[in-house]
Amino acid sequence: MNLTTNLGKLKLKNPVMTASGTFGYGKEYSEFIDLNNLGAIVVKGISLKPMKGNPDPRICETPCGMLNAIGLQNAGLKEFIKQQLPYLRNFNTKIIVNILGTSINEYIELAENLEAAGVDAIELNVSCPNVKKGGIVFGTDIKIFEELIRDVRRRTRLPLITKLSPNTADIKLFAKAAEDAGSDIISLINTITGMSINIKTRRSRLANITGGLSGPAIRPVAVRMVWECFKTVKVPIIGMGGIISAEDAIEFILAGASAVAVGTANFVNPIATLDILEGIKSFMSGNNIKSLKELTGTVKC
Amino acid sequence: MSRLFKASVIENRQVIKNHFLLTLHPLDNIGKPRPGNFFMISVDNCLDPLLKRPFSIHRWLGRDFQILYRVAGKGTSILSNRKPGDTLEIIGPLGNAFPSLRSNNKIIMVAGGLGIAPILGLAETINKYRPLCFYGARTHEELLCIDELISLGIEPVISTDDGSLGEKGNIVDVLKKYLSSQLPPPPRFCLYACGPGPMLIALSDLAKTFNLKGYIALEQNMACGLGTCLGCVVNTTDGYKRVCREGPVFPINEVIWE
Ligand SMILES: Cc1cc2nc3c(=O)[nH]c(=O)nc-3n(C[C@H](O)[C@H](O)[C@H](O)COP(=O)(O)OP(=O)(O)OC[C@H]3O[C@@H](n4cnc5c(N)ncnc54)[C@H](O)[C@@H]3O)c2cc1C
Ligand SMILES: Cc1cc2nc3c(=O)[nH]c(=O)nc-3n(C[C@H](O)[C@H](O)[C@H](O)COP(=O)(O)O)c2cc1C
Ligand code: FES
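Chains A and B, in that order, are what the protein sequence lines are.
The first sequence begins at 1 in our numbering and counts up by one.
The second sequence begins at 1 in our numbering and counts up by one.
Certain hints may be false.
[Claimed, not checked] Label-pair restraints from in silico Cβ distances:
#1 B:G239 - A:K11: 36 to 46 Å
#2 A:V299 - B:D44: 30 to 40 Å
#3 A:S30 - B:D205: 55 to 65 Å
#4 B:S151 - A:E247: 50 to 60 Å
#5 B:P251 - A:K52: 16 to 26 Å
#6 A:G8 - B:L47: 55 to 65 Å
#7 B:K6 - A:S30: 18 to 28 Å
#8 A:R203 - B:K6: 51 to 61 Å
#9 A:K82 - B:M1: 26 to 36 Å
#10 A:N36 - B:P26: 21 to 31 Å
#11 B:T209 - A:E247: 57 to 67 Å
[What the hints assert, rightly or not] Computed list of chain B residues with no C-beta within reach of chain A, every gap over 10 Å:
#12 P49
#13 G62
#14 F189
#15 L212
[What the hints assert, rightly or not] List of simulated lysine-lysine pairs, BS3-like, C-alpha gap at most 27 Å:
#16 A:K11 - A:K293
#17 A:K11 - A:K52
#18 B:K241 - A:K52
#19 B:K74 - A:K27
#20 B:K241 - A:K27
#21 B:K241 - A:K78
#22 A:K200 - B:K74
Calculated from the structure, these hints are not laboratory results.
Bear in mind the structure is a predicted one, so any value in this text is a computation, not a measurement.
Note that beta-carbon positions come from the ideal geometry of N, C-alpha and C, so glycine has one too.
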């Protein structure tokens, strides 16, 4: 059985990775799983300068999922390179850094510094719905979206992943634009903007009012979007959105994903990633599948 | 020893309406929890509710341990239906603990309602220092651990909102009266408290007025309990801090109430 997964020039030992923002910088989970066994670790979004994030409450549970409005809290590029990256480097897995900025120049500076620091790939967070000036603009205006990818592409040799927002009228257009602008890989989906109201207090259950929905509640939307993008672009796809079991992961692969990322499930079960990997292996041996390539995008329609 | 473990339900007994005492037997070796620590408990293996729920360690029985909880919504309602022999998946012990005290401090424990859950566990470890205890609830039925406190040699000062036992009114006012009656120079009091938000806010004001040190155990919505989602923060004089990681116990003068 061959688990290696080639996402263009980014080669993973297996197709299971973590979703940005749901795995911290790996340390907390090393207590529960051997990080060496992951296909890749995608770390929490990093900005140039530290960001303090949104007021509380920042999260609330909704049916089969949760809303979050963390507000991209992070310690900034310098701290990441100094404090977190050396630790992550102890493991034999790919380190992918999710980056976000408020201008194209910030994205470029992040990418250049991270390439110099020796990370394995960059994931452009153009889709975080939480910070008004940030992600949402890049992720929903197709012109600056393309310009951003093209400009970052010119300035780094690292494999470039563009993370797509589901909060657009037609995600296929963004998938195509990302491919045309030189993105090596696309990942989807980020959270879906949502809202939940406490009817006793008549207030939103989040201080930020709206938040991003994640977890099994969004899985059918995510599978549909992966399938649409698969039919539209040739670049490999990292599928995510509500994956908590191997069966869910295989659904994404059939829809067109070459690799999968596990997000909210890490909160529910800190060993979810490796449980899913084991499940994929037994599915493969049970169905006599030699390589996942045989499966990608083979949903019968 | 792992902080991700399964435990079987020994007993899940209703103590009063909507309040349950859950006794759990870990099926693996677990670390000994300290007062203030909490566990993330999976109430069922299902998608709704999806996330584990945080509960304070109430009592540590050597290997088994107890959780004292109130039915607050869907998750705790499902939990209240779990039967002896059922297995629950749990992460913990998590978070920090009430700090060990310096000997020249006189501890005042303050509990409001179910805030007694961690405070009783604390009392069991510090009763040798003869702490004072102020304990308030809505009615006398909801005063849950009076006998246990007394058997630890702690005679709690009590209040109820409806006056059905002890003084009528809230426990912070009762504590205020007590502090005002102390002749100077006052002993070096240190507050250890847990209870609903409004009580903790009033207590913070009181601590300021009387220039008291203290520690309070906070609650916040949680997803991971491990420090990774950054969802459970509270605002402090030192910026946002995670209740699951830097807390749940915070110095009383550090928390900024909105
Ligand atoms: C560190 C910590 C220790 C706790 N210890 C105890 C304990 O010893 N005994 C006990 O009964 N409860 C305790 N709680 C609160 C308990 O976690 C919530 O009551 C429980 O999660 C509610 O779940 P539910 O599905 O029944 O309610 P939901 O349907 O989720 O919500 C019902 C209500 O509970 C509130 N709530 C939901 N999650 C939390 C939460 N994590 N913290 C506070 N309120 C919440 C909601 O805002 C809502 O008003 C603790 C919470 C924390 C953070
Ligand atoms: C608490 C939380 C924080 C997140 N932070 C980020 C982030 O910093 N950058 C990003 O691109 N996506 C972030 N996401 C989105 C996830 O990476 C993922 O796209 C989304 O949650 C869907 O997958 P899931 O349903 O498996 O969680 C976050 C999600 C959650 C729940
Ligand atoms: S609950 Fe996730 S960081 Fe505290």
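Verification of the supplied hints:
no., hint, in the structure
1, B:G239 - A:K11: 36 to 46 Å, "40 Å, holds"
2, A:V299 - B:D44: 30 to 40 Å, "32 Å, holds"
3, A:S30 - B:D205: 55 to 65 Å, "42 Å, violated"
4, B:S151 - A:E247: 50 to 60 Å, "52 Å, holds"
5, B:P251 - A:K52: 16 to 26 Å, "20 Å, holds"
6, A:G8 - B:L47: 55 to 65 Å, "34 Å, violated"
7, B:K6 - A:S30: 18 to 28 Å, "21 Å, holds"
8, A:R203 - B:K6: 51 to 61 Å, "38 Å, violated"
9, A:K82 - B:M1: 26 to 36 Å, "32 Å, holds"
10, A:N36 - B:P26: 21 to 31 Å, "28 Å, holds"
11, B:T209 - A:E247: 57 to 67 Å, "59 Å, holds"
12, P49, "6 Å, violated"
13, G62, "24 Å, holds"
14, F189, "29 Å, holds"
15, L212, "25 Å, holds"
16, A:K11 - A:K293, "13 Å, holds"
17, A:K11 - A:K52, "34 Å, violated"
18, B:K241 - A:K52, "10 Å, holds"
19, B:K74 - A:K27, "32 Å, violated"
20, B:K241 - A:K27, "18 Å, holds"
21, B:K241 - A:K78, "20 Å, holds"
22, A:K200 - B:K74, "16 Å, holds"
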